[in-house]
Amino acid sequence: EAQVTQNPRYLITVTGKKLTVTCSQNMNHEYMSWYRQDPGLGLRQIYYSMNVEVTDKGDVPEGYKVSRKEKRNFPLILESPSPNQTSLYFCASGTGGFPLYGYTFGSGTRLTVV
Amino acid sequence: ELKVEQNPLFLSMQEGKNYTIYCNYSTTSDRLYWYRQDPGKSLESLFVLLSNGAVKQEGRLMASLDTKARLSTLHITAAVHDLSATYFCAVDPYGGATNKLIFGTGTLLAVQP
Numbered sequence: 250e251a252q253v254t255q256n257p258r259y260l261i262t263v264t265g266k267k268l269t270v271t272c273s274q275n276m277n278h279e280y281m282s283w284y285r286q287d288p289g290l291g292l293r294q295i296y297y298s299m300n301v302e303v304t305d306k307g308d309v310p311e312g313y314k315v316s317r318k319e320k321r322n323f324p325l326i327l328e329s330p331s332p333n334q335t336s337l338y339f340c341a342s343g344t345g346g347f348p349l350y351g352y353t354f355g356s357g358t359r360l361t362v363v
Numbered sequence: 004e005l006k007v008e009q010n011p012l013f014l015s016m017q018e019g020k021n022y023t024i025y026c027n028y029s030t031t032s033d034r035l036y037w038y039r040q041d042p043g044k045s046l047e048s049l050f051v052l053l054s055n056g057a058v059k060q061e062g063r064l065m066a067s068l069d070t071k072a073r074l075s076t077l078h079i080t081a082a083v084h085d086l087s088a089t090y091f092c093a094v095d096p097y098g099g100a101t102n103k104l105i106f107g108t109g110t111l112l113a114v115q116p
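Chains A and B, in that order, give the protein sequences.
In short: position in the first sequence from 1, add 249, done, that's this note's numbering.
In short: position in the second sequence from 1, add 3, done, that's this note's numbering.
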């Protein structure tokens, strides 16, 4: 089954404790991206990657890091999480350019930083 | 500033009724996407509109795109409870160069029996 898999689905952590949210896709997509969803603000892009070793900032990159060492994986790293990073996170993937079938989103990771 | 505005933000409608959700965007984009999100769930792709005048239909939902007016509509025909969800439109303002989507704030649709 074609899918984007995120782990964990839920995470509660303390301020300053480094964490990684994993994202993996099995569709051989070039493009991957991370979004956060907050009430009243909709979805905002954090980082994106056009291919292996090619990443760039989205609209809200502060406090996040990413890497793309393999085509299928695109982990999101929070080196020192803070409470304002409490949010619902989605990973998405798609073919390069204009994907004819849209982007595929993962199931989401609900992160709470206390 | 790039903006994607949806209205209404909340829509309560009775089963069997018709209604339209509007999506206005402030930048040039030849592509527009509609997604559905159920509470606590991921986003499901509904429609990808690829050109001016594009119209797509799936069941009780029909989406259209007018790139000149920078407007897309999602029309709901004879609503049923199963359509209750939040609907998002999104545009790609950079011509596919970054695959970055700008999302609207969503329309929460509640279909009452």
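Hints were generated in silico from the structure; no laboratory data involved.
Quick reminder that beta carbons are idealized off the backbone N, C-alpha and C, glycines included.
It is possible that part of the hints are untrue.
[Said to hold, decoys possible] Quick list of simulated restraints, FRET-style, between CB atoms: (1) Ala113(B) x Val303(A): 29 to 35 Å; (2) Val83(B) x Thr361(A): 43 to 49 Å; (3) Gly19(B) x Thr269(A): 45 to 51 Å; (4) Pro288(A) x Glu61(B): 25 to 31 Å; (5) Tyr259(A) x Met65(B): 47 to 53 Å; (6) Leu337(A) x Gln115(B): 24 to 30 Å; (7) Ser54(B) x Pro310(A): 30 to 36 Å; (8) Lys20(B) x Glu319(A): 28 to 34 Å; (9) Glu319(A) x Thr80(B): 17 to 23 Å.
Hint-by-hint comparison with the structure:
Checked against the hint of 29 to 35 Å, the C-beta distance between alanine 113(B) and valine 303(A) comes to roughly 42 Å, which is inconsistent with it. Remark: the range hint 43 to 49 Å for valine 83(B) to threonine 361(A) is contradicted by a beta-carbon distance near 35 Å. Checked against the hint of 45 to 51 Å, the pair glycine 19(B) and threonine 269(A) passes, with Cβ atoms roughly 48 Å apart. Our hint of 25 to 31 Å for proline 288(A) and glutamate 61(B) holds, since their Cβ atoms are close to 28 Å apart.
Between tyrosine 259(A) and methionine 65(B), the C-beta spacing of about 36 Å breaks the proposed range 47 to 53 Å. A hinted range of 24 to 30 Å holds for the C-beta pair leucine 337(A) and glutamine 115(B), which are about 27 Å apart. A hinted range of 30 to 36 Å for the beta carbons of serine 54(B) and proline 310(A) is consistent with their spacing of about 32 Å. Restraint check, lysine 20(B) to glutamate 319(A): a C-beta distance of roughly 49 Å breaks the suggested window 28 to 34 Å.
The beta-carbon spacing between glutamate 319(A) and threonine 80(B), approximately 44 Å, falls outside the hinted interval of 17 to 23 Å.
The earlier numbered hints that this structure contradicts are 1, 2, 5, 8, 9.
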